[in-house]
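**Student:** Sequences are here, hints too, so could you generate the full structure?
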Amino acid sequence: MINLLMDPNVAYVLLVLGIVLGVLALFAPGTGFLEIGALFALVLAGISVANMEINPWALIVLILGIVPFVLALRKWRNWVFLGIAIVALVVGSVFLFRGPVGGPAVNVWLAIFVSLLAAGTLWLIGRKGLEAIARRPDFDLERLKEVTGVAVTNIFREGSVYINGEDWSARSNELIPVGSKVRVLKRQGLVLEVEGIEEEK
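Per the numbering used here, the very first residue in the sequence shown carries number 1; after that it's consecutive.
Hints were generated in silico from the structure; no laboratory data involved. Don't take each hint at face value.
Quick list of simulated restraints, FRET-style, between CB atoms [unchecked claim]:
(1) ARG127 with GLY99: 40 to 46 Å
(2) PHE113 with LEU4: 16 to 22 Å
(3) THR148 with GLN188: 17 to 23 Å
(4) LEU190 with VAL108: 27 to 33 Å
The beta carbon of each residue, even a glycine, is placed where N, CA and C say it ideally should be.
**Tutor:** Shown next, in the form of structure tokens:
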């Protein structure tokens, strides 16, 4: 097993796999499988890094690549930062393990294949994540104010209203007969405070 981990190609694949699984775990937390898989792959890659010749600058690039990724998802939510992060992670991982003459120890064709696969996966995941973050909720409870509906029951202190295709608990300081039109004044938790609307004759 140790001899296998001393192969830079195996170490490279484990490192990239750990990074990709770690990113997936950020978007699907709580499953446990992704987190365990990422940790296992990164620990094995770490053993390789600790026992092989590496390029320190590539390790720095690899670590710094996490910063624009976090900025893309948490702060500025910009695809440019996502692209920078992916490039940094690919370059850092490919050049991390140093060959006998100083160049990358990873097989060039393996590096191309795995880099394209990882970059495509990270781009797709990151892009979908940014779209999900930027998307407004389909039903924003704060937009209920001033919306009109119909009283399903008599409302005084408590009752029910039908608004936007859903039944809501409601209360009012005045009696509102069943079937009357109502307007939402404010929301307190899942209870709407409403007032009656006089219908035009």
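**Student:** None of the hints should be skipped; say for each whether it holds.
**Tutor:** Cross-check of the supplied hints:
no., hint, verdict
1, ARG127 with GLY99: 40 to 46 Å, "34 Å, violated"
2, PHE113 with LEU4: 16 to 22 Å, "19 Å, holds"
3, THR148 with GLN188: 17 to 23 Å, "19 Å, holds"
4, LEU190 with VAL108: 27 to 33 Å, "59 Å, violated"
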